[in-house]
Amino acid sequence: MILAIIENAFLSLIGSAIPASAVVMLAATGAMLGERVGVLNLGQEGLIGIGAVYSVIAVLSWGVESPWLAMLIGMMAAAAAGLIFALCVVAFRASQVLVGLALALGGIGLSNQLGVNRNGTPIQTLFREVNPGGVLDDNDAVSAFFFHDPVVYIAYVGLPVVLWFVLFRTRHGMNMKAVGENPAAADAVGVSVTGWRIFYSVLGAALTGAGGAYMVLSFTPTWSPDIARGRGWVALAVVIFAGWRPGWAVAGALLYGSMISLDTTAQARGWGLPFMGASDLSFFLSMLPYVVTLVAILIPAGAVKLGRRVRSTAAPAALAIPYAREER
Amino acid sequence: MTGDRARPAVETRGISKAFGGVAALDTVDFEVRWSEVHALVGENGAGKTTLCNILAGIYRADAGRVVVDGAERDFRSPAHAIDAGIGMVHQHFRLVEPMTVAENIHLGWPETPGVVSQRTLNERTERFMGEMGLRVDPTAKIWQLSVGEQQRVEILRVLARGARVLILDEPTAVLTAKEAEELFAVVRELAAGGLSVIFITHKLREVLAVSDRLTVLRHGIREITRPTEGATASEIARLMTGEERVLDVEHRVVTGDPALELRGVSTLNDRGIAALRDVDLTVRSGEILGIAGVSGNGQTELAEVICALRGMEAGSITVDGADIASMSVRAVTDSGVGHIPEDRIGMGMVTSAPVKDNAVLHSYWTEQFSQGLTLNRQSVIDFARKLVEAARVQTRSVFATAGQLSGGNQQRLVARREALAADRLLVAAHPTRGLDVNAAQEVRSTILDRRDSGCAVLLISDDLDEVLLMSDRIAVIYEGRIMGVFEAAEADREHIGLLMGGHSITGAVA
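Chains A and B supply the protein sequences, listed in that same order. The first sequence maps to residues 1 to 328 in our numbering. The second sequence maps to residues 1001 to 1510 in our numbering.
You may find that some hints are simply not true.
[Stated by the list, open to error] Covered stretches of chain A, going by a simulated chain B footprint (3 or more residues, C-beta under 8 angstroms):
{"id": "1", "segment": "30-42"}
{"id": "2", "segment": "163-171"}
[Claimed, not checked] To give an idea of the interface, some chain A residues facing chain B are shown, with a C-beta separation under 10 angstroms as derived from the structure:
{"id": "3", "residue": "Arg128"}
{"id": "4", "residue": "Val191"}
{"id": "5", "residue": "Ser224"}
Please keep in mind that the hints were generated in silico from the structure rather than gathered at the bench. The model shown is predicted, which means the values in this text are computed figures rather than measured ones. Glycine included, every Cβ here is placed at the ideal spot set by N, Cα and C.
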């Protein structure tokens, strides 16, 4: 009896965590792309909002009937915002932190404004769940793990595999990493630091926008203000947790996504604390991802302090540092 | 690109380039032939590196032409220069530390296969190294390599891209003597194989040892180009420095009051290992005490404990009888202690701030420059102008940022500022390191002036010639211990050299 309840709770958690984490996964992959070439975009939260609101507009106002097309429109809107960001920080060498924060707050404001008349309108153009191979039984456990829409598979399997291959098995990826680690070295061998940084900032922004689009085209599925609700920040945390490795981002996104889902589950089930009279745990749970991030940062930092080099999980050396050739 | 072997491999015509309003190169003509090692000689700031950066596509010239193998070129990026067959190995290596040797060699190289694995990269690297006769472990990460090996990776990378003209910027500055000899052999071999090598240096011995022809630059102007055969070191030195002022230092035996006293001082380095062990030292007013020793034997920590920048494990330090253990860094500075730090850029200045602010970095709070909460702008500017003029710092204005100054000018600024601040004691750590002959003489004169006006000077230098030239007394440091103290008159070079290497007077190893 009790086992069944626990199993039930666990499965419902997994069933909602996987799609919920797909948003985080897409945004984390987007952020990782930029960070691998040395561009830190703190504006993920705003980019999710922009991606989401333009997908909503595409569906509700422009009559777009394909979720894929709606997502593409959301991605392009986020890419446009990403291009402005990239021009500021790469071409004009403005502070990545300041411009990134401006993009986060500005993006939230812009998307809330654009979404004002569309609050709560349900969206019918949705991604449909697929049964891979059509061979699996339809029971609770299987459906929790495996019955999801195609975007989930792209986010968790397609993207990490492609990104891993590009980063670690191609000439292109080698050059990418060099731009993020030592732009002067990349420049000296003829890799255009500016070009690569702008390109991957924009591509990364588009992926984060896809995350926002996925929110409104699958599991929300409606527009509401402040739609990202911290998932952009969590995505940045996942990148650190994953040590800038695409495979680890999957684990990170699932872990963090579960924590977000816990917060919703707690609210829904009315979990409370037996002390301090707290009847609602959700604020505590929404804090968890950041506590875990602190620990994830401190572990490698602590290892370095103890004299052990943890190079593979270190941030790209030139992260957030503008590059200028003719300085002396 | 190997066309007519008789025409120059590379030539420049009337190249000019300025930084922050100061001319680095002034209408320079330069020419390198095929199959020659061409030494580009000059003091710091003479424009050698700037000229080569233009050839390598890093900088663009303000005026003038670059002609490569007969064709005029306008390089907008290093990639263009590489395409034209010109490759440069920089003084500061441009290698990606967390990556392997093989990856670094294949970086940004169009001939690298699109899809690669560590194995294919390693195999390609092995094969290529075999062809060039240069070897490094292709699987090693850059940070695991010695400096000499890293340099070899840089050279291999440039050659891999089919460079026919190889530029080496002060290649021996970071090498041990043995590594330098090996490099000379490599360079000679490459030239014999048909390549042109431009060898930037300010060491005369290297010019004579390795080059076929040489060009001397001074203050951005070409002084001469001539075959190395028949040239003498003193002749080249004269062309490099103009007329040299030789410092005549009178050594003194001083019996005045001790200005600085260290008693039983012990301290740890940044890694928590003993850096100074039970050090006793006395510096009297009006004398220079030189610390002779090989770098890394506690000199850095010695300067830092005296300036209250580092805590002590044991012992006491007094300046004019006052114990500095209880004093803040500012209190120590206020009591008349100046410090020319080893790391000028990191500790001596704020590179993003203007020169004028850097000029008063250690005194802006004094009455001369501030009233209450406000800074007296005009007096700061006046003071900075005077300082810049006295120290002969070349800068557009005192409003330019300190980061825009060349290394030598930064050093002159800091040295003069600290010397002025030092009434009682000047701690000078490697004050002339990296300076050219004339700038070094100026800094030394500044220090001697302070001594003659009654200031005590602690001179730390790993250049034994400098210590012997400047000091009234000499203390030798080895592994944090003072091995002996000598009057300048009785100092024996060989004996001091043995002590620096850890051999005590009886010949036993300490």
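* Asked: Hint numbers the structure violates, sorted upward?
  -> 1, 3 and 5
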